[in-house]
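Participant: Read off the chains here:
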Amino acid sequence: MKMTAIAGAAALAFAMASATVGFAEEAKKTLPNGTDITPANMENGRWYTEDGIPTYKLEEDGTIDFATFSGYRRYSAECHVCHGPDGEGSTYAPALKESVLRMDYYDYQEIVASGKQEVNTASNMVMPAFGTNRNVWCYVDDIYIYLLARGMNDLPRGRPAKRGDKTDEFTAQETSCMEG
Amino acid sequence: MKYLLKGAGLALLLGTTAAYANDGLMAEIAKPEQWAIPTGDYANTRYSTLDQINRDNVKDLRVAWTFSTGVLRGHEGSPLVIGDIMYVHTPFPNNVMALDLNNDGKILWRYEPQQDPNVIAVMCCDTVNRGLSYADGMIILPQADTTVVALDAQTGEVKWSTKIGDPAIGETLTMATMPVKDKVMVGISGGEYGVRGRVTALNLADGSEAWKAYSTGPDDEMLVDPENTMVLGKPIGADSSLNSWEGDQWKIGGGSIWGWFSYDPDLNLMYYGTGNPSTWNPSQRPGDNKWSMTIMARDVDTGMAKWFYQMTPHDEWDYDGVNENILTNQEIDGVERKLLTHFDRNGLAYTMDRETGELLVAEKFDPAVNWTTGVDMDPNSETYGRPAVVAEYSTAQNGEDENTTGICPAALGTKDMQPAAYSPKTNTFYVPTNHVCMDYEPFRVAYTAGQPYVGATLSMYPAPDSHGGMGNFIAWDNVEGKIKWSLPEQFSVWSGALATAGDIVFYGTLEGYLKAIDADSGEELYKFKTPSGIIGNVMTYQHGGKQYIGILSGVGGWAGIGLAAGLTNPNEGLGAVGGYASLSDYTELGGQLTVFELPGEPAAN
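Chains as they are written, first to last, in this note's numbering: chain A, 19 to 198; chain B, 41 to 645.
Hint data in this document are derived by calculation from the structure and do not stem from the laboratory. None of these values were measured; they are calculated from a predicted model. Accuracy of the hints is not assured; some may be wrong.
When the alpha-carbon atoms are kept at most 16 Å apart in a straight line, the in silico EDC-like pairs for lysine to aspartate or glutamate are as follows [said to hold, decoys possible]: (1) Lys184(A) with Glu442(B); (2) Lys180(A) with Asp79(A); (3) Lys47(A) with Glu68(A); (4) Lys180(A) with Glu442(B); (5) Lys184(A) with Asp441(B); (6) Lys252(B) with Asp341(B); (7) Lys221(B) with Asp176(B); (8) Lys567(B) with Glu637(B); (9) Lys252(B) with Asp339(B); (10) Lys274(B) with Asp418(B); (11) Lys46(A) with Glu77(A); (12) Lys199(B) with Asp246(B); (13) Lys180(A) with Asp441(B); (14) Lys99(B) with Glu637(B); (15) Lys134(A) with Asp156(B).
Listed next, the stretches of chain B that the computed footprint assigns to chain A, with coverage defined by at least 3 CB atoms under 8 Å from CB atoms of chain A [to be verified]: (16) 165-176; (17) 497-503; (18) 592-601.
Backbone N, C-alpha and C fix where the C-beta goes; we use that ideal spot for every residue, glycine too.
In isolation and in its complexed conformation, chain A is listed as follows:
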């Protein structure tokens, strides 16, 4: 389960990287470290950058794409008991809305899949591996883009007020991941 899911994600990323469709009229959106996160293409109901990295899309009227909304829900169910509400951090786990601005997408994926430990005299921090947890792994990209949107202040705290519709492609991909 873990291996196939990771391999699937990598294959998808490769496919997207070779795609050439673009939205030239979109204003460029970049992270503080210079990474371009401008949405370029949609695949299976999720937005990707030209480099094939998942990203969010915020309409001018404040509507956020469905995958980012999905990320809000899954984050709030799976991550928030340690990392705090809305990616804000807790007394014992870092604020992920900040972390995703520093680490790249593949580092993020690796930590979610394999977990992380910092156990020493000053710290007792342990994050479990979620690579085999479908409630997390089927939505790993959604959670990532949700945190990006939070970190970039494109999404306020709490439940996103306006969201795009759930597409049939998104539902089909979700069903195949959760039941596959």
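Mind docking chain B on chain A? Use the hints.
Facilitator: Relative to chain A, chain B alone:
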């Protein structure tokens, strides 16, 4: 001399001690100069007869000494004092330190368990530990990884060690154990991981298992007698749990036990509550999900259930039923009754007859509670004992993928496990509470062993149209079912209370204040800001003829998750200014014991 006489009086009050095997612990608990059991006494009153510190002089309280635990996570529970030694515990890695009260707290011995740190990852809400217990010359340590260790109280040497659960499937241990007679009782945490809750009784002599009682499943595994175990005056009947779940869901059904135990020596019964059913998505588990959310009364020798009462059938909000059950003897309608009082997460305070399980009072202890209009108190009604659910706030009726808004209380409950106190002088309960509401959106999740099994998102905010804070400290009349007075607090009160014969009540706050208030009026008489937010329980003891007050600081736990970041308030314009304020603006991580005293030598008694 005065306090010695009082101790003798208390022992007399407890009466039947001599008839039981563990006379030792009963005698130790009866000495008011000690804090020999985490709950203050078996009845969980958290009341001390010490009265050197009283409503007139508490304003002069000062710090006597402090001690750093060396760990910076949430510090729940309190130290014990047995004889001249204080026993201090820490969150994971669950170190134990024995401090010599005759020698300025010099460390007599230290126990540092080696645990697989992977257990941290399956602790739902911080690496808390609610404390040690004492019996037969041993300190009983409950470790996060579900190992129960008995240490020689004088040397720290390991006498026995028993693992009662498996962290690989999300089972952990956070509660304090309760020694009774020749056994020690211990529960299991993991309601957010789909564990199967249970109480295990270990033999104090060698740590071997004496009996085990599950919260869900077949009658013989729940130690239930279909004819003689009672529910609201009627026999429980066969397969009561199996019939209340779909298929085998009871196997991952939760009902974990992580609050406090109480015990009545005369009835030979122990009492505790069970936690939420797994998952948080009610649509995924049709039925009443018995016996999650239930107060249980069991024979301590055999574990056999005497009576059950389920407070929140088919939970839709994560209102765990684990809070403490406080045992008192009080008059109702001119008749002396053996009562049990329980302040539930669901916002209702229950007063029951602890011998029979009869429901006497069920009333809201925060007026903000809105998910129910109240409990059906008519014994002839089909829905006797059930809360009437308000459709607007029913996350089950609104269904999966629907965001149900404005539910009060929030999932952390009107009160969580932070224990209340009872003073027989004022006949009043002193209750730390939350004043927080929520939006709750359940959705479908898959079960994976050892992984979170939650299935809902929620956002929390201070109760609307109120004082803007997230907590209250209240005085409660359990016979009338009424709030006597209520002190607004900016943050949830996440600290256990202490009432004393000095006519004062102590509690801690999340900003870090230790507060003393007048037991009659609630007037604040003293406060002191400790180094970190308080989620520990206030305790008292006397040493060298002088009374001390002790409290652990170290913010964290459930409170540290939501409150460190500040709660959201999606309802614009409610003016909940206090609610927006982040706890992180007031306090930082810590791990410290602060001990208070009055200046000078104790007045000659």
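Participant: All hints are to be evaluated individually against the structure, with a verdict given for each.
Facilitator: Cross-check of the supplied hints:
1. Lys184(A) with Glu442(B): holds, 14 Å
2. Lys180(A) with Asp79(A): Cα-Cα ~9 Å, so holds.
3. Lys47(A) with Glu68(A): The hint holds at about 12 Å.
4. Lys180(A) with Glu442(B): holds, 14 Å
5. Lys184(A) with Asp441(B): holds, 12 Å
6. Lys252(B) with Asp341(B): holds, 11 Å
7. Lys221(B) with Asp176(B): Measuring from Cα to Cα gives roughly 10 Å; hence the hint holds.
8. Lys567(B) with Glu637(B): holds, 13 Å
9. Lys252(B) with Asp339(B): holds, 12 Å
10. Lys274(B) with Asp418(B): Holds: Lys274(B) and Asp418(B) sit about 14 Å apart, inside 16 Å.
11. Lys46(A) with Glu77(A): Holds, at about 14 Å.
12. Lys199(B) with Asp246(B): The given pair, whose Cα atoms are some 8 Å apart, holds under the 16 Å limit.
13. Lys180(A) with Asp441(B): holds, 15 Å
14. Lys99(B) with Glu637(B): Distance of about 11 Å is within 16 Å: holds.
15. Lys134(A) with Asp156(B): holds, 14 Å
16. 165-176: holds (count 3)
17. 497-503: Per the Cβ count (4), the hint holds.
18. 592-601: holds (count 4)
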